Amino acid sequence: MGYVAIKGGAQAIEGTKDVFEFLRTSQNDSHALPLDVGTIENQLRLLHSRVISEGGVYHPTLASLAIKQSQGDTLEAAFALRAYRSTQPRLVETPVLDSKNMRVTRRISSAFKDIPGGQMLGATTDYHLRLLRMELLNESPENFRKVTEILFENSSIDDIPDTFPKVLDALRAEGLLPEVNETTDNKKPFDITREPLVFPVDRSAALATMTRAEQGSLLAIAYSNMRGYGDVHPTIAELRVGYLPVLLPHPITGELTEVGEVEVTECEVVAMYEGDNDNEATFTLGYGACFGNNEVKAISMAILDRALQKGMNEEPANPSEDPEFVLLHIDGIDSMGFCTHYKMPHYVTFQSDMDRLRTTQKKQSKKESQL
Amino acid sequence: MSLSYPFGFLDEYAKKEIRRTTLKAVAIPGYQVPYSSREMPMGRGFGTGGLQLTLSVIGKGETLKVIDQGTDDSVNAVSLRSFIEMTCEGVNTTTKTEESDLIQSRHRIPEKPLREDQILILQVPYPDPLIVVEASEEKRKTLHGEADYSRLLVKLYEDIVKFDEITISHRYPTRINNHYVIDPSPIPRWDVPKLNQSPALILLGAGREKKIYAVPPYTKAEPLAFEDVPFRVEDFNDVNGMRRCCQRCNCNNSFLDEFIDSKTGHKVYQCSDADWCEENTINNNETLEIANG
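Residue numbers (my numbering), protein chains in the order written: chain A, 368 to 738; chain B, 36 to 328.
None of these hints come from the bench; they were simulated from the model. Remember, it's a predicted structure, so these values are computed and weren't measured experimentally. Errors might be hidden in some of the hints.
The calculated lysine-lysine pairs, modelled on PhoX-like cross-linking and capped at a C-alpha distance of 20 Å, are [to be verified]:
| # | chain 1 | residue 1 | chain 2 | residue 2 |
| --- | --- | --- | --- | --- |
| 1 | B | Lys131 | A | Lys733 |
| 2 | A | Lys730 | B | Lys197 |
| 3 | B | Lys176 | B | Lys59 |
| 4 | B | Lys197 | B | Lys255 |
| 5 | B | Lys95 | B | Lys59 |
| 6 | B | Lys174 | B | Lys197 |
| 7 | B | Lys51 | B | Lys95 |
| 8 | A | Lys734 | B | Lys197 |
| 9 | B | Lys176 | B | Lys190 |
| 10 | B | Lys51 | A | Lys729 |
| 11 | A | Lys729 | B | Lys197 |
| 12 | B | Lys255 | B | Lys59 |
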């Protein structure tokens, strides 16, 4: 008999690449075209948003490429983007960006009907009936192009303001929210890409971890809090989606200059008040923000931020308030990697397991025979 | 657009951080030093901690061996080796233990004794041996600092009460230099004695858990046990108490994998360390040729 150990690994790996690529290109249709990255960014924009947010690099073209090569697997696509990030040095830091300056495409509040600047629904599926639109099965290129031509026919783009005041500022002016703490605000934020999480960690480390987290993981833990393993009971003061200008100091003059913009979703939730005899009672806040248009993620993050603050100040009363439990289990790259690794050979460790089991069994049967 | 990668894939700042972390790990034997741990282009759990160590310490002209479960040709070893070949120009690879300057390994320490001029890098899935008795990392850190391993010893004791045997098969908790207890990575118990007073530097890297720790050369490494219940390696004796041999090279002092022979249906044993087995087989054939004239 031949050599039993797994030989031929190199060849087998090459083979899997070929078959994977075959499936990407094997559409049974003579008119099939390869997906171009622009199509992914635009027609699959929410998938694209998700990958760019979990990948943690704002690079729309490479995010599209990652989706294309991973054949639509969000975890794999975010993973490829994250790995690319490891090859890039961090050259500069932006100052803290004020989301007041966001070029808003959508903003809502569920706290007040009439918010300063007004509700602006923008693009959302929230109120759609989820009926399959059969007409899209065979969409003609002409109809496809016509949509963008007619949307602004009856309205002037100039009528829509670029920026909106923040709902929280109105609440704060009324004394319903705690004053902004200047000392914590000016603290240098924790950089999770350059420092490991050593517990206890501060709030900025928690926020940074959540902003790159896998959406499903974040949602599941936030949902546990909403359902009853927690008591945040949030109200969305403001949810906004839009483009945030990125500012960097000019290399010569040092003056802050806009170098581009990133699409961001931001959510601020207000939760029941806290207060003791020493401090005036106010509402508490939860904050969520991430790259791209990912509203479920931003809301989940805001709820968990509020839950974690409670857990950091008091003993965590449930999993969603426990910083270690939440922050160490929401990264998609980490969790999917470790899940996948169980497919690797574990022959040696299993051999060792069998040795322990057999020894124990032997001892047990010896004992039984002595009875 | 096209991409070109720096030597060792990681940017220079990342490699510098890992080297500094490694120095700290060597200076405090067995202490898990946290580091930021970059994402690598292979899955967390596939050896990204070991890989980051390898990429940070390897240089041009050095020779590397990569093994997974004892074999150089296992799928994951192949994938890691080809990635390192792709991103580290001027680095040589080998399958021979004695030819290598660096050995990156998952789940095994080579059978052939290592030398002072070699570095062994082990891939680690769970860096903390206390995880079985304490879920919170914050609390575990205190326990390590105080060298308080009583709960781990109680776990071993409970095993004995329940099963008349310590049931830990691999990842056997091992005390380094009389203080920190480490998880020596999922090596079998067979390999644990090789950690003790090893001439080679042993580095352990956990990428997902973001920790690096070390067993420096000639450092004491003792598996946790009791005076009356000593530590024991895997038993490869048959029912008659005879040591089983490798069916390929006849070696009777190596860690064996067991298989069912697909033709005969019988259980057979073979060395888990492929390079060791290959070398024995070649030596056996030479002896045979000399004997046959």
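Hint-by-hint comparison with the structure:
1. B/Lys131 / A/Lys733: 44 Å, violated
2. A/Lys730 / B/Lys197: Judged against 20 Å, a Cα distance of about 11 Å means the pair holds.
3. B/Lys176 / B/Lys59: 17 Å, holds
4. B/Lys197 / B/Lys255: Roughly 30 Å between the alpha carbons, so the hint for B/Lys197 and B/Lys255 is violated.
5. B/Lys95 / B/Lys59: 24 Å, violated
6. B/Lys174 / B/Lys197: Since the Cα atoms of B/Lys174 and B/Lys197 sit roughly 27 Å apart, the hinted pair is violated (cutoff 20 Å).
7. B/Lys51 / B/Lys95: Holds, at roughly 17 Å.
8. A/Lys734 / B/Lys197: Distance ~13 Å between A/Lys734 and B/Lys197 Cα, so the pair holds.
9. B/Lys176 / B/Lys190: 19 Å, holds
10. B/Lys51 / A/Lys729: The given pair, whose Cα atoms are some 52 Å apart, is violated under the 20 Å limit.
11. A/Lys729 / B/Lys197: Holds. A/Lys729 to B/Lys197 sits at ~14 Å (cutoff 20 Å).
12. B/Lys255 / B/Lys59: 18 Å, holds
In the structure shown, a violation is registered for the earlier hints numbered 1, 4, 5, 6 and 10, in ascending order.
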